[in-house]
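**Student:** Both chains are given apart, each in its own frame, so use the hints to dock them into the complex.
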Amino acid sequence: MALEKKIRELKEKREKMLLGGGEEAIGKQKAMGKNTARERILAILDDGSFSEYDMFVEHDARDFGMDKKHLPSDGVVIGTGTVSGNPVAIFAQDFTVAGGSLGLMHSRKITKIMDHALKMRIPLIGINDSGGARIQEGVNSLAGYGEIFFRNTISSGVIPQISVILGPCAGGAVYSPALTDFVFVVDNISKMFITGPEVIKTVLGEEISMEALGGARVHCETSGNAHFFSVSEDECFSQIKKLISFLPRNNEVRAEVVETVPPDSSYDIEKIVPGDPTLPYDVREVIRAVVDGSDFFEIQEMYARNMVIGFGRLGGRTVGFVANQPLEMAGVLDVDSSDKAARFIRYCDAFSIPIITFVDLPGYLPGIDQEHAGVIRHGAKVLYSYSEATVPKLTVILRKAYGGGYIAMGSRHLRADFVFAWPTAEIAVMGPEGAANIIFRKEITSASDPDEVRRQKVDEYKEKFANPYVAASRGYVDSVIEPTETRRLLLHGLEVSSGKHVQMPFKKHGIPPF
Amino acid sequence: MTRNDMEKRANDRINIDHTWYTTRISARHAARKPYAPADPGLISSFIPGTVVEVMVSVGDTVQEGDDILILDAMKMKNRLKSHIAGRVTAVNVKPGDRVTKGAVLAVVEC
Numbered sequence: 001m002a003l004e005k006k007i008r009e010l011k012e013k014r015e016k017m018l019l020g021g022g023e024e025a026i027g028k029q030k031a032m033g034k035n036t037a038r039e040r041i042l043a044i045l046d047d048g049s050f051s052e053y054d055m056f057v058e059h060d061a062r063d064f065g066m067d068k069k070h071l072p073s074d075g076v077v078i079g080t081g082t083v084s085g086n087p088v089a090i091f092a093q094d095f096t097v098a099g100g101s102l103g104l105m106h107s108r109k110i111t112k113i114m115d116h117a118l119k120m121r122i123p124l125i126g127i128n129d130s131g132g133a134r135i136q137e138g139v140n141s142l143a144g145y146g147e148i149f150f151r152n153t154i155s156s157g158v159i160p161q162i163s164v165i166l167g168p169c170a171g172g173a174v175y176s177p178a179l180t181d182f183v184f185v186v187d188n189i190s191k192m193f194i195t196g197p198e199v200i201k202t203v204l205g206e207e208i209s210m211e212a213l214g215g216a217r218v219h220c221e222t223s224g225n226a227h228f229f230s231v232s233e234d235e236c237f238s239q240i241k242k243l244i245s246f247l248p249r250n251n252e253v254r255a256e257v258v259e260t261v262p263p264d265s266s267y268d269i270e271k272i273v274p275g276d277p278t279l280p281y282d283v284r285e286v287i288r289a290v291v292d293g294s295d296f297f298e299i300q301e302m303y304a305r306n307m308v309i310g311f312g313r314l315g316g317r318t319v320g321f322v323a324n325q326p327l328e329m330a331g332v333l334d335v336d337s338s339d340k341a342a343r344f345i346r347y348c349d350a351f352s353i354p355i356i357t358f359v360d361l362p363g364y365l366p367g368i369d370q371e372h373a374g375v376i377r378h379g380a381k382v383l384y385s386y387s388e389a390t391v392p393k394l395t396v397i398l399r400k401a402y403g404g405g406y407i408a409m410g411s412r413h414l415r416a417d418f419v420f421a422w423p424t425a426e427i428a429v430m431g432p433e434g435a436a437n438i439i440f441r442k443e444i445t446s447a448s449d450p451d452e453v454r455r456q457k458v459d460e461y462k463e464k465f466a467n468p469y470v471a472a473s474r475g476y477v478d479s480v481i482e483p484t485e486t487r488r489l490l491l492h493g494l495e496v497s498s499g500k501h502v503q504m505p506f507k508k509h510g511i512p513p514f
Numbered sequence: 515m516t517r518n519d520m521e522k523r524a525n526d527r528i529n530i531d532h533t534w535y536t537t538r539i540s541a542r543h544a545a546r547k548p549y550a551p552a553d554p555g556l557i558s559s560f561i562p563g564t565v566v567e568v569m570v571s572v573g574d575t576v577q578e579g580d581d582i583l584i585l586d587a588m589k590m591k592n593r594l595k596s597h598i599a600g601r602v603t604a605v606n607v608k609p610g611d612r613v614t615k616g617a618v619l620a621v622v623e624c
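Protein sequences appear in the order of chains A and B.
Position 212, counted from 1, in the first sequence is what my numbering calls 212; the numbers after and before it change by one each time, with no gaps.
Offset between the second sequence (1-based) and my numbering: plus 514.
Extracted from the complex, chain B is given alone in its bound form (with noise of 0.2 Å):
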C-alpha cells in the first residue's frame, strides 16, 4: 500500500479528551463489543456446553443459591444457581441441549 492509498483511508474520527482527530479506526476497535451490566435475573452459559439436568420450571420460586441446572462441559458438572430469590419466568432448554456460550438458559425475576 503506498503512502498516499493509507492517507486517503485514514478519514475516521475519533474524540479523545475532547478533541477529533481524522485517522483510521483500527479493524478491532470497530469490532469491539458494546458494554452491557450483567442481569442478576439470567441464568446463562459462561461456557459452552451441554444441559444434563434441569431442576426448575416456569412459575416456579426459588431462593437465591438455589440450583437451577446442571451444565456439562469440559468433563465438568456444572452446577448454575439462582443469583437471586425469585419466580421462574422462562426456562429455554432441556435435557441433552447443546449450548453456546452466553446463552441464556433460564430467567428469574424478583
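In isolation and in its complexed conformation, chain A is listed as follows (with noise of 0.2 Å):
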C-alpha cells in the first residue's frame, strides 16, 4: 500500500513538472504558433524513446524576490533518445517557465547533458527558445553561458552539434548556436541578434523590426549565420531528422550506410550544361544526376548561391558535394561564397565525409567591395580546407576552370585524390578572350581591323588551351571523361579511397585565415 501511494506520489509530481510554466503560458505559446519545449523533443525524437532527466531540478536565488518563486524543471528539459534508431543528446529550453531564461541550474542540466553527448560520442541537439540571462541570477547566468560556449567548443568535430532556433534567441545567448555544426530556423518564429531593435534605437537611432534584423529570413539569406530555412516547426523537425540520417555519430566511426539506389532515369546528364560557357545552368541537376536517389540535401540554399553544399549518398555511403553554380553570379568565387564552401569542407573533413567537388568557374568577383571585405583572406579559406582536409577527395570539371579558381576547387594541387575532367571542360589561366586580350595586345591595337585580330586571336587561343587536354597532358587531370561515366568513375574512385591514410606533419593546430 505504501509503495503505491508513493508511486502515485511521483506521478503527480512529475504531471506537474509536465505543464511547464501552466495551461496559460502554454496557451501563450501555442498562439504564437510554437510547440512546448517537451512537444518539440517528442517530434525529433523515435515514438517511445525519450528519457528525461533532470526533471525535479529547481534553482535556489534568493535575491530580488526570487525564493518565492517556483520554476519548473527551471526552465529546459533534457533528456536522451533515438531518432530513426541512432542514439542522441537533446535539450530544450521552455518558454513558458520564466520566458526559458537562463539561470545556474538552468545552465547546469544543459551542460550536463553537453558533457553526456562528448562522452558517449552522440550528437547533441539544442533547442533554443529563451529570453536571455535570468537577470536575477546575475553572474551565475553569465558563468552558465560560458560554460555552455566552452563545450561546445570542446565538442566541434568530435560529436554533430544541431542548434535550433525556435523562438528569441539574443545577445550572448547566440554564441552557443554560432558554435555548433547547424542552425535550423523556422520563419517568424526564429529571433537571433547580440542587441535588439530598442537598443539600437535608443543608441543609434535607426528603426528596424525584429523580424528584419535577426528573423529567420535574414540569417538564411544575409548572414548566413543559419544553415537550413523551413516555414514551420513540423518541417524544420523532419530536416532534422534528414540531416542526422547523413551524418557519423562521432568523428571515430562512419555515417550509416545505406542501400543504393540509382538516380532518377529522367535526369539526362549530357543535356544540362551548354557547351557555350558563358551560358548558365543549375548545377544541381548534375548533382541529382549523379547522385542515390537523386536526393540531393542542400545546405544554406539561400545564401551565397554561387556556391551550392550538401550531402548525398554514392553508393549508399555519405558524401558531401560541393560545386559552384553558373546560374548565380556565373559561379564566381566571392568572399560569402569562399566562407560557406570552406567550412563545410571543414566539417566534412572532421566527420570522415568524403567531398566531391564540381568546378565551373570564371574566377573570383572582381570589385572594390570584394577586395575591401578580404576576399583575399576569405577565399584562402578554400585553398586551406581542400589542402588540409585528408578524406577522399574527387573533383570533377564540369567546364570552365580559370585561374586562382580551378587551383581552389579541389585541384590535383590541393593533393585531390583524383580529378576528372569532361570534354566541355577549360582549364586554362583565364578565360580566351582576358587572355587573347593580353597576350595579342600589341597585334591587335596594331591592327587595321582591331576587332577582328582580336575575334581570330581569341578562337586561336580557344583552339589551343580552351580544353582538358593540356592538363591532362601533364597529369593534372587523371582522365577526360564522357558525361555518363561520372557516377560510375565516383563509385570507383571512393572504393579505391575507402581505406585513405595521410600522415600530416605534427601540429597543435593549424592557423587558417578565419
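Hint data in this document are derived by calculation from the structure and do not stem from the laboratory.
Stretch-level coverage of chain A by chain B, calculated; a stretch enters the list once three of its residues show a Cβ under 8 Å from a Cβ in chain B:
no., region
1, 200-207
2, 273-284
3, 329-335
4, 360-371
5, 427-434
In silico DSS-like links for lysine-lysine, alpha-carbon gap of 25 Å or less:
no., chain 1, residue 1, chain 2, residue 2
6, A, 201, B, 608
7, B, 591, A, 201
8, B, 589, A, 201
9, A, 201, B, 547
10, A, 68, A, 16
11, A, 28, A, 16
12, B, 615, A, 201
We treat Cβ as the ideally placed atom computed from N, Cα and C, and that holds for glycine.
**Tutor:** See below:
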C-alpha cells in the first residue's frame, strides 16, 4: 500500500512538472504558433525513445523575490533518445517557464547533457527558445553561458552539434548556436541578434523590426548564420531528422551505409550543361543526375547561391558536394561563397565524409567592395580547407576552370585523389577573351581592324588552350571522361580511396585564415 | 521554384576577365555601395550620436588636428578634428542635434 501511494505521488509530481509554466503560458506559446519544449523533443525523437533527466531540478536563487518563485524544471528539458534508431542527446529551453531564461541550474542541466553527449560520443541537439539571461541570478547566469560555449567548442568536430532556434535567442545566447555545426530556423518564429531593435534605436537612432534585424530569412539569406530555413516547426523537425541520417555519430565512426539507389533516370546528364561556357545552368541538376536516388540535401540554400554545398550518397555512403553554381553570379568565388564552401569542407573532413567537387567557375569576383571585404583572406580559406582535408577528395571539372579558381576548387595541386574532366572542360589561366587581350595586345591595337584580329586571336587561344587536354598532358587531370561515366568513376574512386591514409606533420592546430 | 523558372530569371550579365556571362546577379551584389574616396575636408559622423558642442563657426581658420565639434555616441564624448588646415565653409549642426552615421557635420576647405 505504501509503495502504491509513493508511486502515485511520483506520478502527480511528474504531471505537475510536465505542465511547465502552466496552462496559461502554454496557451500563449501555442498562440505564437509554437510547440512546447517537450512537444518539440517528442516530435524530433523516435516514438517512445525519450528519457528525461533532471525534471525536479530547481534554482535556489534568493534575491529580487526569486526565493518565492517556483520554476518547474528550471525552464529547460534535457534527456536522451533516438532518431531513426541512432542515439542523441537533446535539450529544449521551455519558454513557458520564466521565458526560458537561463539561470545557474538551467545552465547546469544543459551542460550535464552536453557532457553526456561528448562522453558517449553521440550527437547533441539544442532547442533554443529563451528571453536570455535570468537577470535576477546575475553573474551566475553569465557563468552558465560561458560553460555552455566552452563545451560547444570542445565538442566541435568530435560529435555533430545541431542548434534549433525556435523563439528568441538574443545577446550572448546566440554564441552557442554560432559555435555549433548546423543552425535551423523557422520563419516568423526564430529571432537571433546580439543587440535588439530597442537598443539599436536608443543608441543609434535606427529603427528596424525584430524580423528584419534577425529573423529566419535574414540569417538564411544575408548573414549566413543559419543553414536550414523552414516555414513551420514540423518542416524544421523533418529537416533535422534528414540531416542526422547523413551524419556519423561521432568523428571515430562512419555514417551509416544504406542501400544503393540509382539516380532518377529522367536526369539526362548530357543535356544539362550548355557547351557555350558563358551560358548558365543549375549545377544541382548535375549533382542530382549523379547522386543516389537523385536525393541531394542542400545546406545554406539561400546564402551565397553561387556556391552549392550539401550532402548526398554515392553507393549508399554519405558524401559532401561542393559545386560552383553558374546560375548565380556566373558561379564566381567571392567572400561569402568562399566562407560557405570552406566551412563545409572542414565539416566533411572532421567527420570522415568524402568530398565531391564539381567545378565550373570563371574565377574570382572583381570589385572594390570584394577587395575591401577581404576576399584575399576569405578566398584563402578554400585553399586551406581543401589542402588540409585528408578525406577522399574527388573532383570533376565540368566546364570552366580558370586561374586561381581552378587551383582553389579541389585541384590536383591541393591533393585531390582523383581529378576528372568532361570534354567540355576549359582548364586555363583565364578565359580566352581575357588571355587573348593580354597576349596579343600589340597585334590587336596596331591592326587596321582590331576587332577582327581580336576575334582571330581569341579563336586561336580557344583552340589551343580552352580544353582539358593541356592539363591532362601534365597529369593534372587523371582522366577526360564522358559525362555519362561520371557516376561510375566517382563510385569507383570512392571504393579505391576507402582505405585512404595520409600522415600530416605533427601540429597542435593550424592557423586557418579565419 | 522550378528549374525552368530559375533559368528564365537568369538573364542578367556579368563581366569577368573580359568575358560576358549570362547569369543571375545576387541581390547583395546589386545593392553594393559604389566606392567614393574620402574627402579630407568633410567632418562626418563616423557613428550615429548627439552633437554636444561645436567649437567653430563659418569663416574660422583651423589647423590640421584642431577640434571642430564633440559628438556624444555610445557613452563616449568623441572629439572630431579637422583633417586639414583651412577655412570652415559650413557648419551643418548645432548642440543637441542627433545625427545619423555618415552625416556631413561641417566642411573645411583649403
